[in-house]
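Taken in order, these protein sequences are the chains called A and B.
For the first sequence, counting from 1, position 19 maps to 19 in this note's numbering; every step adds exactly one.
If you want this note's numbering, it's the 1-based position in the second sequence plus 303.
Keep in mind the hints are simulated off the structure, nothing from the lab.
On a predicted model such as this, the values are computed, not experimentally measured, just so you know.
Among the hints, erroneous ones may be present.
To give an idea of the chain B side of the interface with chain A (calculated C-beta under 7 Å), a few residues [claimed, not checked]:
#: 1; residue: F354
#: 2; residue: H396
#: 3; residue: A429
#: 4; residue: E436
#: 5; residue: V470
Heads up, the beta-carbon is just placed ideally off N, CA and C, and yes, glycines get one too.
Protein chains: 2
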Amino acid sequence: MPAHQSGRSVFDLGTYLDAASQAVDRTLDRALPRATRKPATIHKAMRYSLFAGGKRMRPALCLAASEACGGEWAGALASAAAVECIHTYSLIHDDLPAMDNDDFRRGKPTNHKVFGEGVAILAGDALLTIAFEILAETPISKRYPLKTQLTELTQTAGSLQLIAGQVADLEGEGKRLSQTDLRFIHERKTSALLCTSVRLGGMSANCSPTQLESLTTFGYNVGLAFQVIDDILDVTQSTEKLGKTAGKDTAAQKATYPAIVGLEKSRKIAQQLTDKAFSALGAFKGKATALEAIADYLLKRDH
Amino acid sequence: MPAHQSGRSVFDLGTYLDAASQAVDRTLDRALPRATRKPATIHKAMRYSLFAGGKRMRPALCLAASEACGGEWAGALASAAAVECIHTYSLIHDDLPAMDNDDFRRGKPTNHKVFGEGVAILAGDALLTIAFEILAETPISKRYPLKTQLTELTQTAGSLQLIAGQVADLEGEGKRLSQTDLRFIHERKTSALLCTSVRLGGMSANCSPTQLESLTTFGYNVGLAFQVIDDILDVTQSTEKLGKTAGKDTAAQKATYPAIVGLEKSRKIAQQLTDKAFSALGAFKGKATALEAIADYLLKRDH
Numbered sequence: 001m002p003a004h005q006s007g008r009s010v011f012d013l014g015t016y017l018d019a020a021s022q023a024v025d026r027t028l029d030r031a032l033p034r035a036t037r038k039p040a041t042i043h044k045a046m047r048y049s050l051f052a053g054g055k056r057m058r059p060a061l062c063l064a065a066s067e068a069c070g071g072e073w074a075g076a077l078a079s080a081a082a083v084e085c086i087h088t089y090s091l092i093h094d095d096l097p098a099m100d101n102d103d104f105r106r107g108k109p110t111n112h113k114v115f116g117e118g119v120a121i122l123a124g125d126a127l128l129t130i131a132f133e134i135l136a137e138t139p140i141s142k143r144y145p146l147k148t149q150l151t152e153l154t155q156t157a158g159s160l161q162l163i164a165g166q167v168a169d170l171e172g173e174g175k176r177l178s179q180t181d182l183r184f185i186h187e188r189k190t191s192a193l194l195c196t197s198v199r200l201g202g203m204s205a206n207c208s209p210t211q212l213e214s215l216t217t218f219g220y221n222v223g224l225a226f227q228v229i230d231d232i233l234d235v236t237q238s239t240e241k242l243g244k245t246a247g248k249d250t251a252a253q254k255a256t257y258p259a260i261v262g263l264e265k266s267r268k269i270a271q272q273l274t275d276k277a278f279s280a281l282g283a284f285k286g287k288a289t290a291l292e293a294i295a296d297y298l299l300k301r302d303h
Numbered sequence: 304m305p306a307h308q309s310g311r312s313v314f315d316l317g318t319y320l321d322a323a324s325q326a327v328d329r330t331l332d333r334a335l336p337r338a339t340r341k342p343a344t345i346h347k348a349m350r351y352s353l354f355a356g357g358k359r360m361r362p363a364l365c366l367a368a369s370e371a372c373g374g375e376w377a378g379a380l381a382s383a384a385a386v387e388c389i390h391t392y393s394l395i396h397d398d399l400p401a402m403d404n405d406d407f408r409r410g411k412p413t414n415h416k417v418f419g420e421g422v423a424i425l426a427g428d429a430l431l432t433i434a435f436e437i438l439a440e441t442p443i444s445k446r447y448p449l450k451t452q453l454t455e456l457t458q459t460a461g462s463l464q465l466i467a468g469q470v471a472d473l474e475g476e477g478k479r480l481s482q483t484d485l486r487f488i489h490e491r492k493t494s495a496l497l498c499t500s501v502r503l504g505g506m507s508a509n510c511s512p513t514q515l516e517s518l519t520t521f522g523y524n525v526g527l528a529f530q531v532i533d534d535i536l537d538v539t540q541s542t543e544k545l546g547k548t549a550g551k552d553t554a555a556q557k558a559t560y561p562a563i564v565g566l567e568k569s570r571k572i573a574q575q576l577t578d579k580a581f582s583a584l585g586a587f588k589g590k591a592t593a594l595e596a597i598a599d600y601l602l603k604r605d606h
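Same shape as in the complex, but just chain A:
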């Protein structure tokens, strides 16, 4: 058992996130066809975006949620890898010219800039598909059979959540959105998958219904806070620091929290959401050290 999991050593988030990334990357690498498998283009394209230096925050939250419920990483790795595939697919498709038209992501050219639009669309499709194949390997229990876990992920990725958020985002461009409209988008584009990441982590540890509810409150509020902070950073930080084009939301006339309620109120909202998230962790009686540290990190980040 790695030192960060023993509970006796001082908790170090950097070490924890590195170990989580490595474990998830090994799972993803094993699950994806080799880059040389025919047709090589699609497997190169899938791997290009999946291993483009993503911070693996959703997988880390998934593993940490499993720990908080008394589980081991091994049991949560399939779920963690599955949510990362969903996240990466959504980024590839969101970046397309027909959507947000982004040329850079994590400081590297976006998938369609490297492989062309056709292959980028198909690479997204393939990552979406393989997410469910990977999830099929998750440990199941009477309380959370595969059907429950599969439906959790399909509903979150589907047209009422993740895709609904992207559609509402697209349709909102250039329009004057209310704070309610913006909340609708954030809940679906960001909060839903973060929430499902921790919920699937809990399920993999056969968590109690009460624990699942606490994880839901935590994930939902961290997700919203994360997105409000993303909006704030887009206004306040440079392109270099973000690793993606800064001021893009303003340029695209996208509604953001700072644009609707101002920068100071946005910061307050982010803080309130974080407070709610942290309160939900009380239920785990000291076993949520990692969850708490990751949430803290997500809210204090400056890029």
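Given chain A, put chain B in place with the hints provided.
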């Protein structure tokens, strides 16, 4: 039990296909969010292509395969609806400007012509996602737990099958392909999903391993024959009759069987594949009437 299922009346394919379509359409209609659910655009776009007059051949094959193994339609409807969602998603994405750039499908404007590229991409994503949600409702057995059925569908839809076929097809445009290259594309673009349609139908009826093998041989060969005939029709039929742009393959410099081996040899290949498919049905001892009739219909169609 409808007359066509009693086995005592004379089998009428038209009546059978109508009843199958209606049953599958009811399942799809119940599974998809209403067209008015927010954001309405995405649900309208999903329903536009899903209810665009598709012949529901894959679902019909799925139901007929279940019957051949002693099952009832009710048990196979989830699988039948799931494969139709996968099929429709693949058509929406294949028609995109970045792929085959088709303006018409089944005589109607393609999804992106009506809803725009961004929404069309997302409607495809949403149909791909909901396919797995619908599959989660399929009856499971010790022999075919959900994990087995889910993996069957993810592998068929994934980067080594359906998506591999589309990538190879895209990359083959304007190139001189061998008959082997073309077979690679057809196996993946068409045969894989037809094969999985009958296999999932069999699984829903808890078929024996031997029955599953016969269904595999049947589905694989019907799928290949179907695609060879599609190539032949593209050369020999008018746009009006096809309901899609004729001569498109030639115009796009796509490799086809007639272009590589000539029209007569293409017809012979199609016949050989059909013969192989029909032989596989011997194992079902008279219970494969519907499967046989559908295959016969697919090979004698002139549009």
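Comparing the hints with the structure gives:
1. With 7 Å as the threshold, the beta carbon of B:F354 stays out of range of chain A, its nearest partner Cβ sitting at about 15 Å, so the hint is violated.
2. The criterion of a C-beta within 7 Å of any C-beta in chain A is met by B:H396, whose closest approach is roughly 6 Å, and the hint holds.
3. For B:A429, the suggested interface contact is upheld, since its CB lies about 4 Å from the closest CB of chain A, less than 7 Å.
4. The restraint placing B:E436 at the interface with chain A holds, with a minimum CB-CB distance near 4 Å, inside the 7 Å limit.
5. Look at B:V470: its Cβ gets to within about 4 Å of chain A, closer than 7 Å, so that hint holds up.
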